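J.: One line per chain: the protein sequences are A and B, in this order.
Heads up: the first sequence begins at 1 in the numbering used here, then just goes up one per residue.
Heads up: the second sequence begins at 1 in the numbering used here, then just goes up one per residue.
Because the hints were derived from the structure by calculation, they are not lab data.
Computed from a predicted structure; not experimentally measured.
Ideal Cβ positions, reconstructed from N, Cα and C, are used throughout, including at glycine.
A few of these clues could be false.
Below, computed lysine-lysine pairings styled on DSS-like, alpha-carbon distance capped at 25 Å [what the hints assert, rightly or not]:
no., chain 1, residue 1, chain 2, residue 2
1, B, Lys141, A, Lys205
2, A, Lys215, B, Lys166
3, B, Lys22, B, Lys32
4, B, Lys147, A, Lys208
5, A, Lys205, B, Lys100
6, B, Lys11, B, Lys32
7, B, Lys100, A, Lys126
8, B, Lys109, A, Lys205
9, B, Lys109, A, Lys208
10, A, Lys208, B, Lys100
11, B, Lys166, A, Lys73
12, B, Lys110, A, Lys208
13, B, Lys166, A, Lys205
14, A, Lys205, A, Lys126
15, B, Lys147, A, Lys205
16, B, Lys110, A, Lys205
17, A, Lys208, B, Lys166
18, A, Lys208, B, Lys141
Chain A residues, not near chain B, derived (Cβ > 12 Å throughout) [unchecked claim]:
no., residue
19, Phe22
20, Phe29
21, Thr37
22, Phe53
23, Tyr89
24, Leu120
25, Thr129
26, Ile159
27, Ala251
28, Ile269
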Amino acid sequence: MNSLFSLLSIPAIPVSDWINTFVNWLTNFAGFFNSITTFIGGIINGIQWVFDFLNPFVFIAIILAITFWITRKSISWGLLLFELLGLLYIYNQGFWRDMTQTLTLVLTTSIIIVVIGIPLGIWMAKSNTVDSIVQPILSFMQTMPAFVYLIPAVALFGIGMVPGVIASVIFSLPPVVRMTNLGIRQVPSDLTEASDAFGTTSWQKLIKLQLPLAKPTLMSGVNQGMMLALSMVVIASMIGAMGLGTQVYFAVGRNDAGAGFAAGIAIVILAIIMDKVTQGFMGEKEK
Amino acid sequence: MSENNKKIEVKNLYKIFGRHIKKAQELLAEGKTKEEILAETGSTIGVNNANFSINDNEIFVIMGLSGSGKSTLIRMFNRLIEPTSGQIELDGQNIMDLDKNGLREMRRKKMSMVFQGFALFPNRTILENAAYGLEVQGIDKEEREQKAHDSLEMVGLVGNDNMYPKELSGGMQQRVGLARAITNDPEILLMDEAFSALDPLNRREMQNELIELQRKLNKTIIFISHDLNEALRIGDRIMMMRNGDIVQIDTPEDLLRHPKNEYVRKFIENVDRTKILNASHVMFRPTTVNIEKDGPKITLHRMKTDGISSIFVTDSQDRFVGLADADDVNELIKQDKNDLRSILKTNVPTTTADTPINELIEGISKSPMPYVVLDDDKKLLGIIIRSSVLEAISGREVDHNE
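Turn these sequences into a full structure, and let the hints guide you.
T.: Next up, the structure:
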């Protein structure tokens, strides 16, 4: 018994010290992280500039037109009406700029996860070694509470939209990578065999066969990634990423349920619109 | 059809699946059985020391049950499966020596494959599917689509160019598979159980079209099948495989007539022989008399010595003239007449040597007289009687000639 207790009483392993040391060590590469900050900041400013430039009603009209276009084969008037009323609600509540900021955060995140996630997913699909290395990392990224990412993100990227985007990217990258990998691996082996038999290069196989067949799966990964990015907006607001999340976060601080729900509903509306539009986009590409 | 120009020569070809390939090779060299090797190393012998050659412009059928190594073997020709050891020479060039680019060139230009499950690309139209082989070669759109269209036409698909594979029936899909394979204008077609997934009617039709196509295009076709009737129908030569071993390589006829062992015998037991055998296989040479030389007395004598009641009468050129009955000949002798012509029966049914038995069965079963087999000059080749047909169908060899 004694020996068991003595085992329990060994000093705590200094995991936190190790990680702090590691994060501190990373700050040595400030130049590298600064350039990432500048780059991502550039994307954010560009998108935000467009949204600020557009009159809200022009913006609503554009959203409606896009929805109309991609669902033109089976037009859902309900969805169009919902979009109109939902966006008017956001405008009416004075959340317009917050909404565009949130949208900027989500779109920037989406661009980054697509640019990183799809090639990584392809690489995993082509190599079992890469797959077995990356899979556990993805699981780690997905299950680690998202709040935790905020801390090193602030240390490395400062306060504001950029660390918010970084934290969102880490959180929402896994489904894009996984679904790309899955989609390509699901291409029936007799089809890849057939393409090989006709002397296809592996690049041609990817472009002509694997990506087209993986597209539905891949797109649902992107869709999931976007939704996860949207779910990060409140958390990201804690480190100064402006937007609807900030409104919710403030409401929590003031214990103001009404204001919290008013902004929360705006997030829900944005989520539904984005989900429907991307899904419609997937359906469109299918045909 | 097939002169003995060797198109492909396979030498000492092995495929061993599993981890301890070196060990398995050693054990194989020591003469251990496949079961022993599997137990000892966990390796399976897919193809065991294959040695054979395939002639230019022949339809070479590789036959065997599932697990016999035939699908592995056909995939080694274009190295979709890498052989463990051995050589495959195409026009004298060992394809095992080809590097990545050389192999790709060979797959693009020399060999095309047709798959059991069709393996059409679902995201491409019929035309795009058929043009695929040329597309990956970088042939421009207009030219490749023209060629693809032509090959679709050749396999009997007209007006489906812009449909998608799933909109077509199985039979039509496999036509697309075939068209895709011939668009490249390869020298060799590899067909892996290409018609097995089709219903019997479609299968028959495709078999005929393949033979027709081969006649038109002069390809060397390597055809995998587990259906002996199919093999016998389309094959110039058939190679029987069992558990990775080559059991017998022969023409369809020789395979049926001289099965090398019990395995092949069992395999051909259930075959519909009436389609394979023709009149020449069941006919035999009857006793004849020459009408220009022999009189009634000699005729009767010959019938007595052979113990027959009727005799076939020919002229000096061996052309069939008629059939004489013993009773009639007797009558002739009694009347002291000499000319056999007056008593000859000429309403004897005739046929040609290459008529399949299944076309003869009905007639023979009803006719009281034997069928006479004649060549183009009306020369008597032989006769067919009911019992020899029955014997042939039942699988017992008839050899009345000896």
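J.: If a hint holds in the structure, say so; if it doesn't, say that too.
T.: Verification of the hints:
With a C-alpha separation of about 18 Å, the suggested pair Lys141/B and Lys205/A falls inside the 25 Å cut-off, and the hint holds. Taking the CA atoms of Lys215/A and Lys166/B, the gap is near 18 Å; set against the 25 Å cutoff, the hint holds. A hinted pair counts as satisfied when its Cα atoms are at most 25 Å apart, and Lys22/B with Lys32/B qualifies at roughly 14 Å. Between Lys147/B and Lys208/A the alpha-carbon distance is near 20 Å, which keeps this suggested pair within the 25 Å criterion.
Distance restraint check for Lys205/A and Lys100/B: the Cα-Cα separation of roughly 15 Å lies within the 25 Å cut-off, and the hinted pair is therefore satisfied. Distance hint between Lys11/B and Lys32/B is fulfilled; the C-alpha atoms sit about 21 Å from each other, no more than 25 Å. Straight-line distance between C-alpha atoms of Lys100/B and Lys126/A comes to about 18 Å, which keeps the hinted pair within the 25 Å bound. At roughly 18 Å between alpha-carbon atoms, Lys109/B and Lys205/A fall within 25 Å of each other, so this suggested pair holds.
With a C-alpha separation of about 20 Å, the suggested pairing of Lys109/B with Lys208/A holds against the 25 Å cut-off. Taking the CA atoms of Lys208/A and Lys100/B, the gap is about 20 Å. The hint holds against a cut of 25 Å. Proposed proximity of Lys166/B and Lys73/A is supported: the alpha carbons are some 21 Å apart, at most 25 Å. Of the pairs offered as hints, the one joining Lys110/B and Lys208/A holds, with about 22 Å between alpha carbons and a cut-off of 25 Å not exceeded.
For a cut-off of 25 Å, the pair hint linking Lys166/B to Lys205/A stands: about 21 Å separates their Cα positions. The suggested pairing of Lys205/A with Lys126/A holds, with an alpha-carbon distance near 11 Å, which does not exceed 25 Å. Of the supplied pair hints, the one linking Lys147/B and Lys205/A holds, its CA atoms being roughly 22 Å apart against a limit of 25 Å. In summary, the hint linking Lys110/B to Lys205/A is supported, as the alpha carbons are separated by about 20 Å, within the 25 Å threshold.
For the given pair, Lys208/A sits about 18 Å from Lys166/B by alpha-carbon distance, which is consistent with the 25 Å threshold. Restraint check: the Cα-Cα separation between Lys208/A and Lys141/B comes to about 15 Å, which is no more than 25 Å; the hinted pair holds. A cut-off of 12 Å between C-beta atoms confirms that Phe22/A is not in contact with chain B; the least separation is 40 Å. For Phe29/A, the non-interface assignment is confirmed: its Cβ lies about 40 Å from the closest Cβ of chain B, beyond the 12 Å cut-off.
With a closest Cβ-Cβ approach of about 41 Å to chain B, Thr37/A is found to remain outside the 12 Å limit, as its non-interface label requires. No Cβ of chain B comes within 12 Å of the Cβ of Phe53/A; the nearest lies about 39 Å off, and the non-interface call holds. Look at Tyr89/A: its CB is around 41 Å from the nearest CB on chain B, clear of 12 Å, so calling it non-interface holds up. The beta carbon of Leu120/A sits about 23 Å from the closest Cβ of chain B, which is more than 12 Å, so the claim that it is off the interface holds.
With a minimum CB-CB distance of about 18 Å to chain B, Thr129/A clears the 12 Å threshold, and the non-interface call stands. Every CB of chain B lies more than 12 Å from the CB of Ile159/A, the least distance being 47 Å, so the non-interface label holds. Separation of Ala251/A from chain B is adequate, the least Cβ-Cβ distance of about 48 Å exceeding the 12 Å criterion. With 12 Å as the threshold on Cβ separation, the claim that Ile269/A sits away from chain B holds: the shortest Cβ distance comes to roughly 35 Å.
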